Structure formats: structure tokens, C-alpha cells
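Visitor: Below, each chain spelled out in residue letters.
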Amino acid sequence: MVVLKESIAMIEYEDDPFYFFISILGEIGVAESWTRLFKIGPLYGVEEPIVVGKNADIVYMKKDEEVARFDLNTEVIEDIGVRGRHKCCQMVIYNESLLPIGGMHG
Amino acid sequence: MPPPFEEDSAGIFIVGSVVNGILCLCQGGVRVDTAYIQYKLEQKVVLWNPSTDEFKPIPNGSFEHTILKAFPPGSVFEDLPTIPTLINIHGFGYDSVTDDYKLIRYFCFFEDIEKDDPSDESLWQIYSLKSNSWRDLEVEMPNHTWTDQWQNTGKSVYCQGMCHWWGYEDYYGDEVLVSFNLSDEVFIT
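Chains as they are written, first to last, in the working numbering: chain A, 217 to 322; chain B, 14 to 202.
Hint data in this document are derived by calculation from the structure and do not stem from the laboratory.
Values in this document were obtained by computation on a predicted structure and should not be read as measured data.
Treat each hint with caution, since some may be false.
As the list claims (entries may be wrong) - Each computed DSSO-like pair below joins lysine-lysine, with the alpha-carbon atoms no more than 30 Å apart: (1) B:Lys143 x B:Lys57; (2) A:Lys255 x A:Lys221; (3) B:Lys143 x B:Lys82; (4) B:Lys168 x A:Lys279; (5) A:Lys255 x A:Lys270; (6) A:Lys221 x B:Lys168; (7) B:Lys168 x B:Lys143; (8) B:Lys168 x A:Lys255; (9) B:Lys82 x B:Lys57; (10) A:Lys278 x A:Lys255; (11) A:Lys221 x A:Lys270; (12) A:Lys221 x A:Lys278; (13) A:Lys270 x B:Lys168; (14) A:Lys279 x A:Lys255; (15) A:Lys278 x B:Lys168.
Full structure from sequences and hints, please.
Guide: Below, the structure is given as C-alpha cells:
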């Protein structure tokens, strides 16, 4: 599950051949409001998806534990030079902020 | 890594999403006081802003009273300290109404942690950074508790004042999306 354009989105996948499906939730609490946005594939050697990035690129783990990125616009696949361990890898979208955490001074 | 994790950074995961540049890092989460030493883990939770290197360890808080509430004297468990307990942080987010960061955690109890069969009793607590304390929540929400490191599979996110996670209605139930509002402490599925 990821946040895309201020909405909740999920990545589903089916194997053999491997397709990703990205769906977005229109209204919180309304199961019928899931809308499928993208179908991506077929892709090969995929273990499982990790995250969808801001540019609608999808990051996934390959069966050899190498982490790859698929660019939806150019349809180019590239290894990003990160490896998972035990088929496990977590990624989050990071927005830099210099704000203090707060709450520490009372 | 912030100092609390400098010595041992094994099994750390990020809870939910990055909120205003702050990550919530979590390690461990099973509490067993006796019998199974290998499960004797303490949970460490730290808020961390990597850009400023500021960090804030979150206190574990007290949950003895919470367990007592779930299992009053004379109930199935006679010896409280030996109840294997899984503590599972389900969400981290920002409440703009009170300008406060909050965490939600779920306790489930096992008669025998070797069996994957949690007790029906369960409890939720919410943490507020401003008060720097945990308090009980009177809700029953679908939870995600069958594995202790499920957050790193991306099954929880924060978005616009709400924490969202995939939870199970019951053991055999379907996964449902739970959306918990950090301001009014109400959830919808």
C-alpha cells in the first residue's frame, strides 16, 4: 500500500506471467471506490513489488534479490544498486524536512 | 542510524510512512518474561529526522494495568508476567488538530507463543508525543498481528490525518482496509 497523489493506492500482482496492477481508493471506507489505474507487464524474474515512486515508477524485488525500478513513462527497467536480504526490503517515500520533531520541550 | 540503534540495527523496520520528514523506526516487539529466552525482546521505538539527525526515543510505557484489564484476577491467566505478548505498532502519523504526533499499538496475548493462536482478548493504545505517554483506546479494530514484522511489507501508511493498515476481521476473515482518524480516534473500514 502506498500514498499516491494524496490518495491510498495499492499494488497487486499476479504471477506467471508477472503483472502489476496499481489501484487507487476514491473514498475512504468505500470498497467499491477502488479504481484500477495501471496494468504493468508482463515482467520477468519478479519476486514482489516494494513501492510505487512519485513519478509513478514501480520498484520491485527480483528473484535474485536485486532491486529494480520500472519507469512507467519510458518503460525502461534498471537495477538501482540495492539488494534485499532474505527476500525482504522496505522503502518509503521521503520528504526532507528541517522541522523539529517537537514535543520534547514540554 | 540514530544512537539507540547504533549497536544493534538488526530487524529494524519503518512504521507506515514518512511524516513531515520524520521516520518512526521500530525494533522488536515480543514480551515474554520467562520460559522462552529467545523471545525475550524489548521493543525499541524511535522517531528520527535524518535531515537534522534529531531523534526521540518513545517510552515503552506501562501496560501491566492494560493486561490486568484484559485479564482480571481469576481469569484464564493466573500468572500475569508469563503471558507472552506481542506488541505491534500499527500506525504513525500527525494530528493537525492538536499539532501532535501519534502512534497506535496493538497488544495480543498468547497462551502458548509456540502455537500461532492468540487469545481473543486484545488491546489498543495510542501515544501522543506532546504528553509523551500511552493511553488505552476503547476500540475494537481489525488488526494485523499474525506476523510481528508485517510493517516492512508496506501494509500500513499514513495519509492526511489518518493511519491506514490492512487488518483481518478474524482469523479466517478477509483482509480489510482500516482507516483510523488520529484526531477523533474513530476508524472506518
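Visitor: Would the hint linking Lys143 (chain B) and Lys57 (chain B) be met if the CA-CA limit is 30 Å?
Guide: Holds. Lys143 (chain B) to Lys57 (chain B) sits at ~19 Å (cutoff 30 Å).
Visitor: Checking one constraint from the list: CA of Lys270 (chain A) to CA of Lys168 (chain B), max 30 Å. Satisfied?
Guide: holds (18 Å)
Visitor: Hinted pair, alpha-carbon criterion (30 Å max): Lys255 (chain A), Lys221 (chain A). Please report holds or violated.
Guide: Given that 30 Å is the threshold and the Cα spacing comes to 18 Å, the pair holds.
Visitor: Given the hint that Lys221 (chain A) pairs with Lys278 (chain A), test it: the Cα-Cα distance must not exceed 30 Å.
Guide: Status holds; Cα separation ~27 Å.
Visitor: Lys168 (chain B) and Lys279 (chain A) were given as a pair; does the straight-line alpha-carbon distance stay at or below 30 Å?
Guide: This hinted pair holds, its Cα atoms lying about 21 Å apart.
Visitor: Sort out whether Lys57 (chain B) lies within 30 Å of Lys82 (chain B), counting only the CA atoms.
Guide: Roughly 24 Å between the alpha carbons, so the hint for Lys82 (chain B) and Lys57 (chain B) holds.
Visitor: Does Lys168 (chain B) lie within 30 Å of Lys278 (chain A) when you go C-alpha to C-alpha?
Guide: holds (20 Å)
Visitor: Would the pair Lys221 (chain A) and Lys168 (chain B) pass a check requiring their Cα atoms to be no farther apart than 30 Å?
Guide: holds (18 Å)
Visitor: With the threshold set at 30 Å, check whether the alpha-carbon distance from Lys168 (chain B) to Lys255 (chain A) stays at or below it.
Guide: Given that 30 Å is the threshold and the Cα spacing comes to 20 Å, the pair holds.
Visitor: Against the 30 Å threshold, does the CA-CA distance of Lys221 (chain A) and Lys270 (chain A) hold or violate the hint?
Guide: holds (8 Å)
Visitor: Assess, step by step, whether the Cα of Lys143 (chain B) is no farther than 30 Å from the Cα of Lys82 (chain B), and give holds or violated.
Guide: Distance ~25 Å between Lys143 (chain B) and Lys82 (chain B) Cα, so the pair holds.
Visitor: Please work out if Lys168 (chain B) and Lys143 (chain B) have their alpha carbons no farther apart than 30 Å.
Guide: holds (27 Å)
Checked against the numbered hints listed earlier, the structure breaks none of them; every hint is satisfied.
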